[in-house]
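Undergrad: Each chain, letter by letter, is given below.
Number of protein chains: 8
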Amino acid sequence: MNDVDFDFQRESRQGFPEIVFGEGKSVDQLLRIAEELLEKQQNVFVTRLDPDKAAKIVSTYPDGDYDEVSRSWIYGDLSKRKREGRVALVSAGSSDRFVIDEAARTLKFLGIDSHSVQDCGVAGIHRLMNRLPELDSSDVLIVAAGFEGALPSVVGGLARQPIIAVPVSVGYGVAAGGETALRAMLTSCAAGLTVVNIDNGFGAALGAFRILNLKYGYPKS
Amino acid sequence: MNDVDFDFQRESRQGFPEIVFGEGKSVDQLLRIAEELLEKQQNVFVTRLDPDKAAKIVSTYPDGDYDEVSRSWIYGDLSKRKREGRVALVSAGSSDRFVIDEAARTLKFLGIDSHSVQDCGVAGIHRLMNRLPELDSSDVLIVAAGFEGALPSVVGGLARQPIIAVPVSVGYGVAAGGETALRAMLTSCAAGLTVVNIDNGFGAALGAFRILNLKYGYPKS
Amino acid sequence: MNDVDFDFQRESRQGFPEIVFGEGKSVDQLLRIAEELLEKQQNVFVTRLDPDKAAKIVSTYPDGDYDEVSRSWIYGDLSKRKREGRVALVSAGSSDRFVIDEAARTLKFLGIDSHSVQDCGVAGIHRLMNRLPELDSSDVLIVAAGFEGALPSVVGGLARQPIIAVPVSVGYGVAAGGETALRAMLTSCAAGLTVVNIDNGFGAALGAFRILNLKYGYPKS
Amino acid sequence: MNDVDFDFQRESRQGFPEIVFGEGKSVDQLLRIAEELLEKQQNVFVTRLDPDKAAKIVSTYPDGDYDEVSRSWIYGDLSKRKREGRVALVSAGSSDRFVIDEAARTLKFLGIDSHSVQDCGVAGIHRLMNRLPELDSSDVLIVAAGFEGALPSVVGGLARQPIIAVPVSVGYGVAAGGETALRAMLTSCAAGLTVVNIDNGFGAALGAFRILNLKYGYPKS
Amino acid sequence: MNDVDFDFQRESRQGFPEIVFGEGKSVDQLLRIAEELLEKQQNVFVTRLDPDKAAKIVSTYPDGDYDEVSRSWIYGDLSKRKREGRVALVSAGSSDRFVIDEAARTLKFLGIDSHSVQDCGVAGIHRLMNRLPELDSSDVLIVAAGFEGALPSVVGGLARQPIIAVPVSVGYGVAAGGETALRAMLTSCAAGLTVVNIDNGFGAALGAFRILNLKYGYPKS
Amino acid sequence: MNDVDFDFQRESRQGFPEIVFGEGKSVDQLLRIAEELLEKQQNVFVTRLDPDKAAKIVSTYPDGDYDEVSRSWIYGDLSKRKREGRVALVSAGSSDRFVIDEAARTLKFLGIDSHSVQDCGVAGIHRLMNRLPELDSSDVLIVAAGFEGALPSVVGGLARQPIIAVPVSVGYGVAAGGETALRAMLTSCAAGLTVVNIDNGFGAALGAFRILNLKYGYPKS
Amino acid sequence: MNDVDFDFQRESRQGFPEIVFGEGKSVDQLLRIAEELLEKQQNVFVTRLDPDKAAKIVSTYPDGDYDEVSRSWIYGDLSKRKREGRVALVSAGSSDRFVIDEAARTLKFLGIDSHSVQDCGVAGIHRLMNRLPELDSSDVLIVAAGFEGALPSVVGGLARQPIIAVPVSVGYGVAAGGETALRAMLTSCAAGLTVVNIDNGFGAALGAFRILNLKYGYPKS
Amino acid sequence: MNDVDFDFQRESRQGFPEIVFGEGKSVDQLLRIAEELLEKQQNVFVTRLDPDKAAKIVSTYPDGDYDEVSRSWIYGDLSKRKREGRVALVSAGSSDRFVIDEAARTLKFLGIDSHSVQDCGVAGIHRLMNRLPELDSSDVLIVAAGFEGALPSVVGGLARQPIIAVPVSVGYGVAAGGETALRAMLTSCAAGLTVVNIDNGFGAALGAFRILNLKYGYPKS
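Residue numbers (the numbering used here), protein chains in the order written: chain A, 15 to 235; chain B, 15 to 235; chain C, 15 to 235; chain D, 15 to 235; chain E, 15 to 235; chain F, 15 to 235; chain G, 15 to 235; chain H, 15 to 235.
Just chain A, same shape as in the assembly:
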């Protein structure tokens, strides 16, 4: 008997397949889900997969691709589906990498190009200024920051693109957990920023996908 009722209609309904949230699922459940998807010739993408569980899954599917920083696992041939559009992943510092990389991996799974624009922290604003041309050549900006989360405000006042701000749970004291960055992004003086949950690189990538799908009109799978 099968205890998983997977949403196989999502791709035709929304253009992107259901992606598996790895946290709180057992290795058995994950393997069963993978098996079902593969039977239907679908690629598999699992997020929030910790290294212990990943090791067991990799031993079953040795040609899958697990990435430790983003804690995500991809199985399948991604070369077939390349989509138009380009996303810039802007961040304050190297501590935000795990979130930026989750976004990058999600976009890769969806067939979309992204590039990273790192070390743009507002305490040295000239570094961001030097990177503005890189931002200008992108369709959508995903901007991640921990601590006081000020980077999206400054980017938001300079760029004209859609901006998705991602608060990161980096910092200590009142920054711990990312709530301060989240609140700062929600109350930004820069008009038209939108925000996703703390550390939600995955959600930011999907938000970007919806926007790119609107612009480029991706063919329905």
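Hints were generated in silico from the structure; no laboratory data involved.
No experiment lies behind these values; they were computed from the predicted model shown.
Honestly, I wouldn't trust all of these hints.
With a cut-off of at most 35 Å between alpha-carbon atoms, the simulated DSBU-like pairs for lysine-lysine come out as follows [stated by the list, open to error]: (1) B:Lys70 with D:Lys67; (2) C:Lys122 with A:Lys70; (3) E:Lys234 with F:Lys229; (4) C:Lys96 with D:Lys67; (5) B:Lys229 with A:Lys54; (6) H:Lys70 with E:Lys70.
Per the computed footprint, the stretches of chain D lying under chain E, defined by three or more beta-carbons under 8 Å from a beta-carbon of chain E, are [what the hints assert, rightly or not]: (7) 130-137; (8) 165-173.
Think of the CB as a built atom: it goes at the ideal place given N, C-alpha and C, for glycine as much as any other residue.
We have chain A; now place chains B, C, D, E, F, G and H onto it with these hints.
TA: Chains B, C, D, E, F, G and H only, in chain A's frame:
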């Protein structure tokens, strides 16, 4: 002497002009700002303008357009700038009107069409199902809800468009102030939702503008 | 000397026996309580019993029944007490299993039937719609959800039964700990939902018991 | 044109009609809703209706019944629908009256009997002990309390009925707003309590309705 | 060189010596403090001493007395200082033991008698009623409770003695950490309760000491 | 019919009569309670009585004694019951007066002497040092402070008496509402402080009463 | 009799006199304090004085100087005490004026020059860049901002002076009350920022005074 | 390829070099940053470096200086840059050492003298009084405290220097995490205190640096 350093470069930089946040500004300050803008042949849009202050401004500029529900004031000829694109304003009930109307007024000021899809509360889900075709014909969905803020989750699972969720400060007990709706939207299981501050119809509209500008490539003013 | 003053009168007073909360109790205390209950020919049910302590208890009582997912231990012959009534355990996803299973085990201990209706997350609403007949055949619905906790709102607008909503501490960022799901359930637009503490599958089962006892008038033990 | 999409199917779906939440609705909207309902020969019940708005509605419908303490308005002939079942409304003190009365009015609108068991605060526990027989003769107990919200815990350890606990926003300092009472009720040691939002007498009554409907099988309207 | 400036004047100023808070101090620091105190012929009492550090201290002072439940260490001859007065340590259940025992150990160090009155949880109120005579024979009541923290309210309505309520960090969901119990105790309807920090058995004992010192006029050391 | 179930047994049970909490009670309810108490030859004390309601009560009972700062009303002849014991009411500044005065009025009603020791804020510590003899001559110290609530910590390190700390809702920014002062008092390094709810001068006085009753053994009324 | 124990030694101890916090003090208390100070030939400065109370004080002291925006009252001849040093008051927008002006008034009372650098919000970063020379010519920077409070981060990365950040209670939704700005400033990536309470222009000015006093060595009064 | 965009201009812009935040950076990243800095003949200072990572770095750079209490690593010859000025590091107890030491190490790296004034807790205020001359001889006071955080208030009322208050995450119950100390410091009655993030000894040192730089006019590097 002038004590206001208005950001007149914003429109050429970002495609939308600086909009005036009315709260915490005196009538004198607001009138001075309006005068400056009009000298430069710009239209004026003031948000969060309470009726008392509005009455004084209307008496100086009787042909301006003040709206009590959205608490916003528009001055200028909006007919010249019509832009492509269509935004659906989806809401759970009539108590969310003040937020929806702020979004609608902001879009109107920016020259963009919007239409309201009301009374879609999830406690009577069939009502939303009946309105899906209306959603399908829109480029961007702005979805507002107070109380438990569940509407964007359901819409987010059905629609493929970019969705900007707006929590509304409607409700009592633990719903008071809109924090519950905000948190629910940020943690939605529906992938790719993005969120703005509580009651921030204005910000949702600007977020939609950035997306539409990406798709339609509005000419620079 | 005995340092435990157990409430042996509860069953005659309320229809259900005192159930042992395992957290914060030492193995010694738990064994002493079990001994006392067994001397009085009562079955034993311990909740929130972590596997380390359980191992020691199982080694003393090898024919008891420990379940790892629900972290609960049952000792005694449950076949004698079967009670009327049927409870549906509705949940969004497999990450909610530990809570659903605590409810199921509690109901089993009390002699009541339950069945699980899983993978009904609101981001794929058609899955819930397909399961409505299953809900209709139940007396009481226990609905568990983590993240934004929207499932009880949707179920609450469709079903006529008593509904006990259980927030689950599944999720990250502002969902972490289950507070967001709790607040969403308390502020649901669906009328007549009632709510229990985060992860409290046990309490939800007892709430269902009180309701079934009212309907079926269980004989006093 | 009509801007309200009322859920007229709720009564046949769930056994109780849609009830109007008065807060945040204008008098015009409320009158329009009333008119629609009356055209369909339905009774009208509006909650959270403040006295100013009520005065205007009463002047249009002078034979309606507005109650200041519960801030609710009933219009229609309630004599036709009497339903079986009896609810006890238990409270700590007279400051909880506005919540208790909202529950009583809602039950009255639904055709169900209730009776009040007041002044049972736990600081004088003998008073509650004296009232136990009154509780015993009821199907469902709604127990309201502000401050530390301990009353449902004590009642929950004595009674066998379904209990719906309602935190009340009475108190000062850390009791202000009712959050302390809410949290105390959710974490009660008394098994099987369920809880509704702060001050939500309406929701408690609907919760009781669902339970009574299960027991008595009210005929579908 | 000595880097500790111990408050040796406290005993003459306040009747009780400075007691050492073990958390966050290294074993070296603790040994140095002990040495200094013993040079001055003072007994030593260390609270919040975790077992690892205790093991090292016990190996240096093998005739000291370490207690694992209360995590406290006493060194010295307590037989010389016996003081009048009697404190009852009332608690809801065995999970509160670590707090009750910290109070008991502190009182023991100060030369004061205490006795435990356990398993008085309000969900079985008859158990407390049976223990009232024990309470009556005490000068001061220390009442500890986790979860909803209702026990001090009920005791506070029955007893005439000074009552010091201690919230305990036992419980899960919204009870986790003890904040709910703390807030419930601070807002108790029972008049004249006073409260100490969460898990602060030590502080409750010192509070009792101040009261007993007032009554019995302990001789100054 | 009488809808109030007053706890007339409290005085014989606990030594102090039930005192009426005025907030949330209507003038009618208050008058009915007063009438009942006076029929039984008891004095009346109402706390948290706002001036508007007080005016109506004073017009019915012109020889009662209403105090605007403490918002309390006393009716009856207090000269008959004088009790031993002396309480010092220590405070940081004149903004704390409304709390100090509520304590003073409550003590007066109970027949106990108090005296005020004001303007002892820790930012000018010499002022407190000058007042130490006044503290020494008191049985119990009630210490009130708003803002950072540091005064009880300093007093607690100097005095040997029982100390009841009262946080006051004076201050702005993160001090607003008194929560900061409350938390500071609960976490004081000075051993043996106990704390009551924010602004709870009444509760502090009752706490002092319990202590004085222990010392002086007030005759039972 | 005098019930105020003013700290007249503060000026000789710390270089600045005690300043009167007007909130929560009655007009009578304020007049008595003023009288006492004037008898000692001291100037008077009252902060947080609302217009109603100010009107009464002005009618007694018509040559005092009340300012509505900063809600502060100065009485005395300030021309005698001019001190070296210059403070820049940097802010994001005109809504922060009430805080900036409180700082300016406090500095004026202390004999120190300040100048305002307004409209530097980070959403239009070029405006701040244009003002850098003005900042360079100042000893200390007081930087105020509401909403996401990002301005001090950017200034803190550009300027070498001591910076005192002041969060302002301007904004709505999660910005309301200034807590978000406070947290953002405390967690700034710009090193060496220090922060004062929300809206505390007064405290920022005193912080600047301490720094200037260190540099210029103001003569003791 | 180099993925780090270090802010090498900071020292010339602000007088202090960029300092490396070790948390969340991998050993590889840290080594690459060190290499780059050393190529440019700059000293290296890494904060928040846990012992595991430090061990690997020390094995590469055996002549660097790692300190376990402050968790910081210094590499380079500090003897060349000695700067004028003296900072006192005042603290309540030995549990605050890790924060005080981070400040001391940061100042050492910057070439500035500091000295520690320990064990000044307000519960034994005479100890602080004895140390006042030590404070008087310092330019800037950094005052650290956990629990109720009252020490800066008392110091702030006695000293005339600039004071930077550092809340420490020491304590349990409502003190846990340092939020109570933070809030107490922000709301201090002592005028002109400024505050940094919880446990932020580094930031306090940089704040002191800015002040000393203002006074002594350090030559630009």
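Undergrad: Are the hints correct? Go through all of them and say.
TA: Status of the hints after comparison with the structure:
For a cut-off of 35 Å, the pair hint linking Lys70 (chain B) to Lys67 (chain D) stands: about 27 Å separates their Cα positions. Annotation: proposed proximity of Lys122 (chain C) to Lys70 (chain A) holds, straight-line Cα distance about 34 Å (limit 35 Å). For the proposed pair Lys234 (chain E) and Lys229 (chain F), the alpha carbon gap of about 18 Å is at most 35 Å, so the pair holds. Proposed proximity of Lys96 (chain C) and Lys67 (chain D) is contradicted: the alpha carbons are some 54 Å apart, above 35 Å.
A threshold of 35 Å between alpha carbons decides the hint, and for Lys229 (chain B) with Lys54 (chain A) the separation of about 34 Å falls inside it, so the pair holds. The straight-line distance between the Cα atoms of Lys70 (chain H) and Lys70 (chain E) is roughly 29 Å, inside the 35 Å bound, and the hint therefore holds. Figure legend: the segment 130-137 of chain D, annotated as covered by chain E; annotation consistent (3 residues with Cβ-Cβ distances under 8 Å, at least 3 required). Evaluation of the coverage hint for the segment 165-173 of chain D: fulfilled, as 5 residues show C-beta separations to chain E shorter than 8 Å, against a requirement of three.
Hint violations for this structure: number 4 only, all remaining hints satisfied.
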